[in-house]
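S.K.: Spelled out from the first residue to the last, the chains are:
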Amino acid sequence: MNITVKVDGTSYTDEVEPRTLLVYYLRETLGKTGTVVGCDTSNCGACTVLLDGRSVKSCNVLAVQADGHEVTTIEGLADGETLTPVQEAFRECHALQCGFCTPGMIMQATDLLATNPSPTEDEVRVGMEGNLCRCTGYHNIVKAVLQASGQPASSGGEQA
Amino acid sequence: MIPPEFDYAAPGTVSEALALLAEHGDEAKVLAGGQSLLPVLRMRLNAPGIVIDISRIEEIKGITESGDAVRIGAGATYQDVLDSALVSEHLGLLHKALTEVADAQIRHRGTVCGALVHADPAGDVGAPVLALDARMVIQGPDGERTVDASDFFVDLFETAVGEDELLTAVEIPKHTGWGAHYEKFVRVSHQWAIIGIAAAVRVEGGTIAEAKVGLTNMGSTPLRATSVEQALVGKEATEDAVAEACAQVGEGTDPPSDLNGQADYRKHVAGVLTRRAVVAAAGG
Amino acid sequence: MTAVDDRPAEATHEVGRDRRRKEDQRLITGRTRWTDNMQLQGMLHLAMVRSPVAHARITGIDTTAARESTGVIAVLTGQDVKDLQGSLPCAWPITEDQKAPPHPAIAVDRVAFSGEVVAVVAARTAAAARDAAELVDVDYEDLPAVLELKAAAADEALAHPDLGTNRSATWIFDSAEAGTGGSVDEAIRDADVVVEREFRQQRLIPAFMEPRSTVVDPTGEQFVMWSATQVPHILRLMLAMTLGVDESKVRVVAPDVGGGFGGKLQVTPEEIITFLVARHTGRPCKWTETRSESLLSAHHGRDQWQKLTLAAKQDGTVTGLKVELLADMGAYLGLVTPGVPILGAFMFNSIYKFPAYHFACTNVFTNKTWTDAYRGAGRPEATFAIERMMDELAVELGRDPMEVREQNWITHEEFPFTTVCGLEYDSGNYEAATERAKELFGYAELRAEQQRRRESGDRVQLGLGISTFTEMCGLAPSRVLGSLNYGAGGWEHASVRMLPTGKVEVITGSSAHGQGHETAWSQIVADQLGVPFEDVEVLHGDTQISHKGLDTYGSRSLVVGGQAVINAAKKVIEKAKPLAAYQLEANVDDLEFTDGKFTVKGAGADQEGVGLAGLALAVFAAHDLPDGMEPSLDADATFDPVNFSFPHGTHLCAMEVDTETGASRMRSYVCVDDIGNVVNPLIVEGQVHGGLVQGIAQALWEEAVYDDQGTLVSGSFVDYTLPTTADTISFVTDRTTSPSTSNDLGVKGVGEAGCIASTPAVVNAVLDAIRQYGVDDILMPCTPERVWRAIQHGQAGASRPTAEDAAGHFAEGEPNQDPPGPAGVTGATTTTQEGGQA
Amino acid sequence: MAMELHHTFTVAATPEDTWALLTDLEQVGGCFPGATVTSATDEEFTGNVKVKLGPIGVTYQGEGRFVERDDEAHRAVIEGLGKGLRGLGNASAKVTLQLKPEGEGTKADVTTSMNITGKPAQFGRGVMQTVSDKLLGQFVECIEGKLTG
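Residue numbers (this note's numbering), protein chains in the order written: chain S, 1 to 160; chain H, 1001 to 1284; chain A, 2001 to 2838; chain P, 3001 to 3149.
The hints are simulated quantities; they were obtained by calculation from the structure and are not laboratory data.
Ideal placement from N, C-alpha and C gives every residue a C-beta, glycine not left out.
Some hints here could point you the wrong way.
Listing some non-contacts, in silico: residues in chain A with all C-beta distances to chain S over 10 Å [stated by the list, open to error]: (1) D2036; (2) K2082; (3) I2172; (4) M2209; (5) G2282; (6) E2537; (7) V2600; (8) A2603; (9) E2685; (10) T2724; (11) Q2795.
Selected chain A positions facing chain H (in silico; Cβ < 7 Å) [claimed, not checked]: (12) A2635; (13) A2637; (14) T2638; (15) T2661; (16) V2705; (17) T2721; (18) P2723; (19) D2727; (20) E2785.
Distance ranges between label pairs, derived from CB positions [what the hints assert, rightly or not]: (21) H:E1059 to S:T10: 56 to 64 Å; (22) A:D2097 to P:K3100: 34 to 42 Å; (23) P:A3012 to H:E1016: 46 to 54 Å; (24) A:Q2772 to P:D3070: 53 to 61 Å; (25) H:D1240 to A:Q2407: 45 to 53 Å; (26) S:T10 to A:V2642: 30 to 38 Å; (27) A:R2771 to S:Q151: 36 to 44 Å; (28) A:A2444 to H:E1236: 17 to 25 Å; (29) A:R2447 to H:T1099: 53 to 61 Å; (30) P:A3012 to S:M1: 56 to 64 Å; (31) S:D52 to A:Q2772: 52 to 60 Å.
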């Protein structure tokens, strides 16, 4: 079936099988391989993108469901070389190691801060619960989200 | 993993959707937010002939006031409900429970009515909806009918909604001014509830005047702890006073035994958490 | 000799700076190259058909329907490839008489675990391959499966009937026999106090975030394999040895790799199969696993029964340690499967001065997914056991657990210290790390709070857990590995290439997958060559670029690979020196090299000297070189370490336990690690944080659970419960510094430290919170249910523990509860002998 | 995963009449929820079972037969083995029947056990355990219904 989706500012019209998941449409049809697949039960959040501005797990949405809607992926965040505050904070705080969960983390953090611009550490921790990371122990991810919100990192920090 | 092949239809009206259901019978699966259905399809634990996407039906969207109740349409996502001032004001228990559903991304897509029809006993929506005496609005080939929540949940993954019917809305009586708490017990936060306790109480002068308690994952359907509710009436809204009434909440239930806990453990924890949920609901 | 000092030695230099990572720009903008991103013209997609049963004979496979399915190009079964596929390699036969079954990539006539590949489908799309895989019709004739470790050790059923036993090998170290210490049996005989405990290391799954993926392109002169692997070099060699392909005809690339933790330290059936199908079809092939496939069939980790007997004097001095292990290999021996428990053999004695030590491990087959390296590999098991034992000893003696540790550990004056295993610990200062940790933790205040909560009968009890750990990392001197029958050396290779523009290319044989080598190596080389950090480009993970290496595992990259980089850089300087002397018209011996420049000694501060960049350009032109000089400054180095490195640290954990539900919550966690000097503190901390959560997850959350049919029932992220942000806390980390003496940088490994140290700290804390209820052990993971049952059981069982009610080891009805076994090993027992019996 | 369910009930018919019905494989096989018996002889039957429960819809194809049958002692063991379609893995069920006279009627002891391997067992919080319990319950109810109804 034919769908039209705006992804990272560009409109695309493509023929897709109804069973095609949005994430595979992004990766394989559009070549947007920045968004990755980490699980098959919608637990890990690595595939998180924004659908009409809100975070969703693109492995848990059919491409046909996105017909007529707008998608933002990790590749659509930075304006040229200018990173978003969340991206900046992830680098600054060393909030990534292997980087596989990172697109999902950044997209979810972007959504979180859009609705709650000054979260507490607890709110960040609960707000990011849908994204799994195996490298960082989350410490620096939480720190990065707080930093991106313009707040100083809370207690507990490293190098006490 | 990639789901098996299926046809797809996105009807624009309820009657179109019903016609499709009538046409395809048990080959059809209804998709609203898809947050429970898609993982099952990806696991290939089902292979429907057609998926009927009801998310584009305008008439079942929205959250409205309906007399003494708040009506939540089948198109309303968890997030829509969480964002609704009507829900915050009148249905504190539902609001609290929905904040515990899965994670933010899932809440942006999944729907309250979808979860009710899915009827997963470990889902967080059934217990508060049951406790709050909701009415289910079901449309089928013979028109609309309303089913009380107490008659809605039939068995594991089974509800009163027939194969040729759609749950189009849930109407939940307002519980304005009630205190509420949903206590979800999990090992890690993205888990399904090991158990959950939905408690709403109306306190008058420090005494519980009315109480409603629903249980998540304490049986093959959401359960209503009516004997606890009755025992709570007239009790002081303090931990000591409610403890005895809550301790036996597991009696007569048949919770599952699985990786996260044996049945007897679930029953024990239910007693502890019911007490805590009631006290929290009462503002203690 | 030990400097306890947190400041970088020379702040003006790159080493020691918290440089932001070079790797990150791509990763945070989605410009990544995971193997699954590869799309080649005409590429086929593979789907595996896997056995749903644990042990069965394959009596028939009908592939007709699959072959006829739309878009299917090939379907191969074990029968089709049995003469081509060889046997998957095991590079570490631990004994001469080790027993092992052949390990086919595709099962031929028998499957030995649920998840084993029985056929592969190649199709034009991944969906078509998956659809067709479901049409492959396999008939199985069930065979008795052996699933439980002790039952397997007793040969109750055979995982591989042809072997005649499930026991693969028994490996023993005895300090009396080795001449490195006394006799444990004598120590036990003569002890005032003997503490005997049995612990279970549950089965874990590495669960790297990037599912495994392999692409093979057979269309060029070489077969090119891209794979999500930690070990491209080893993989290339093993492909050649297993499949009989010339090594020179195989190129392996590890592009962006999304985590490994030992889980990608493997030569997998799927890599072999993808290679075979690509060769068979002549077309590029891709296999990418699903998460559930990964949990089911990528190798698992840990899985041991540990029985420990500790002998001590009444005053608390330890006199001997006896360790008896049963280790579950699963169904096959993978790349280093048998050696994993042996990596722990020399670590049970840890930081303590045991005069006598005995270690015996029996490796056992079961019909489960095979086990292999998982972060720490052998050392977390050892650390857990000894740190639990030190607590048990303290309880037995009625002493503070920290005090008992202090009494027995190697003091800082005693380094270098040769242990009862014969290892030489080069440096360390346990006192300093512990003192700092206690200060950051508020040890005394927390103890006071614990006392208050106990006295008031608070529903929420507080427990403090200690783990004073060390580990051996940086695999390792090749001669030591040789003495352990390990199939390879422990060296690492590096090259430094001077480009004509003055930029520097560094080629490293260690293959990063999240560790930040590009950044750290750039810092090292920038200091060595005096070039800007930005001018260094680090290349790795492609056997055609980095032709030689032993890859990344065992916290070896920096201590071994980093030293190789330094050695290569030093050679560059040596090669440049004659040219510099020539240009400066000076004697080679009169030159000195600082900050990227050669100058003449004693010629004053205002001399210009010649820079390395200029020399590189001069060499490129080669117009005017000293007579006989080769026109190149490039240099290679292969470094074989003289010793392991021995990081250590003190980890303190406070857990709150809800005694009504058994739920526990981490209140605070402090760790002070001593990993010697530090190249990049930011990266080091990140490694520590990540390790901590993996170790904490073993204590609290994770377990691979099989049902009685041998099906992995924690087979998705729904049930294999990784923790999230909401389940974890922010940590307090700090460091003390005792530079290693075995490398120029004075560094020690850090990749596994957090994971090795944290598990016992957490379990000790949970136990400390509820010991007053008669609890002295809880199986991991310490789920709320287990904790609650332990409290109930402890209270019911009054104060005298017996073998049976020790510790909820054998809670009936719970998953993975091995009953007191046929091996006859009892649960925890404590015997206190009065002095003077000897 | 394995489940076992033990069930006892009494029937107002004689053991002989009850035995005749209980050893009719078409009747017994057809009692399994979602089962269709496609062929049956005195000794064995073939058919398929469609398990449809909420989101899950899986089909097993298989056969069943007596592994033990003692017409004198009124004891029989029937085994069914199903192969899941679409690579699902296998399901097997074993039904042990024992009839004893009780007063005018018959006391029936039915022990049913079920094993499921592969994907349905691997996924989803042990839900299949509950599902199987439920299926076995319905199966025995059906048998009881046929005998007592």
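S.K.: Hint by hint, note whether the structure agrees.
M.R.: For each hint, the structure was consulted:
Annotated as non-interface, A:D2036 brings its C-beta within 10 Å of a C-beta of chain S; the closest such distance is 8 Å. Non-interface status of A:K2082 relative to chain S is upheld: no Cβ of that chain comes within 10 Å, the nearest being about 31 Å off. No Cβ of chain S comes within 10 Å of the Cβ of A:I2172; the nearest lies about 35 Å off, and the non-interface call holds. With a least CB separation of 4 Å from chain S, A:M2209 falls inside the 10 Å interface cut-off, contrary to its annotation.
With a closest Cβ-Cβ approach of about 23 Å to chain S, A:G2282 is found to remain outside the 10 Å limit, as its non-interface label requires. Non-interface call for A:E2537 relative to chain S: holds, since the shortest CB-CB distance, roughly 19 Å, exceeds 10 Å. In this structure A:V2600 is separated from chain S by more than 10 Å, as the shortest Cβ-Cβ distance comes to about 42 Å. Every CB of chain S lies more than 10 Å from the CB of A:A2603, the least distance being 43 Å, so the non-interface label holds.
Against chain S, the non-interface label of A:E2685 is violated: not every CB pair exceeds 10 Å, the least being about 5 Å. Not every Cβ of chain S is farther than 10 Å from the Cβ of A:T2724; the closest lies at roughly 5 Å, contradicting the non-interface assignment. Against chain S, the non-interface label of A:Q2795 holds: every CB pair exceeds 10 Å, the least being about 34 Å. The closest approach between the C-beta of A:A2635 and any C-beta of chain H is roughly 49 Å, which is over the 7 Å cut-off, so the hint fails.
With its C-beta approaching chain H no nearer than about 46 Å, A:A2637 sits outside the 7 Å limit, and its interface hint is violated. Against a cut-off of 7 Å between C-beta atoms, the interface hint on A:T2638 is violated, since the closest Cβ of chain H lies about 44 Å away. For the restraint placing A:T2661 at the interface with chain H, the shortest Cβ-Cβ distance is roughly 5 Å, inside the 7 Å limit, so the hint holds. At a threshold of 7 Å, the smallest CB-CB gap from A:V2705 to chain H is about 6 Å, leaving the interface hint in force.
Below 7 Å, beta-carbon pairs count as interface contacts, and A:T2721 has one with chain H at about 5 Å; its hint therefore holds. With a cut of 7 Å, the hint placing A:P2723 at the interface with chain H holds, because the nearest CB-to-CB distance is about 5 Å. Interface hint status for A:D2727: upheld, as the beta-carbon distance to the closest one in chain H is roughly 5 Å, under 7 Å. The beta carbon of A:E2785 comes within 5 Å of a beta carbon in chain H, closer than 7 Å, and the hint placing it at the interface holds.
For H:E1059 and S:T10, the hinted distance range of 56 to 64 Å is not satisfied, since their beta carbons lie about 33 Å from each other. Between A:D2097 and P:K3100 the C-beta distance comes to about 57 Å, which lies outside the given range of 34 to 42 Å. Range check, P:A3012 to H:E1016: about 53 Å between beta-carbon atoms, so the 46 to 54 Å window is met. A beta carbon spacing of about 59 Å between A:Q2772 and P:D3070 agrees with the range 53 to 61 Å that was offered as a hint.
Remark: the range hint 45 to 53 Å for H:D1240 to A:Q2407 is upheld by a beta-carbon distance near 47 Å. Checked against the hint of 30 to 38 Å, the C-beta distance between S:T10 and A:V2642 comes to roughly 58 Å, which is inconsistent with it. Between A:R2771 and S:Q151 the beta carbons are some 40 Å apart, a value that agrees with the proposed interval 36 to 44 Å. A hinted range of 17 to 25 Å for the beta carbons of A:A2444 and H:E1236 is inconsistent with their spacing of about 40 Å.
Against the hinted window of 53 to 61 Å, the Cβ-Cβ separation of A:R2447 and H:T1099 comes to about 37 Å, which falls outside the hint. Roughly 60 Å separates the CB atoms of P:A3012 and S:M1, a value that falls within the hinted 56 to 64 Å. A C-beta distance of roughly 55 Å is found between S:D52 and A:Q2772, which places it inside the suggested range of 52 to 60 Å.
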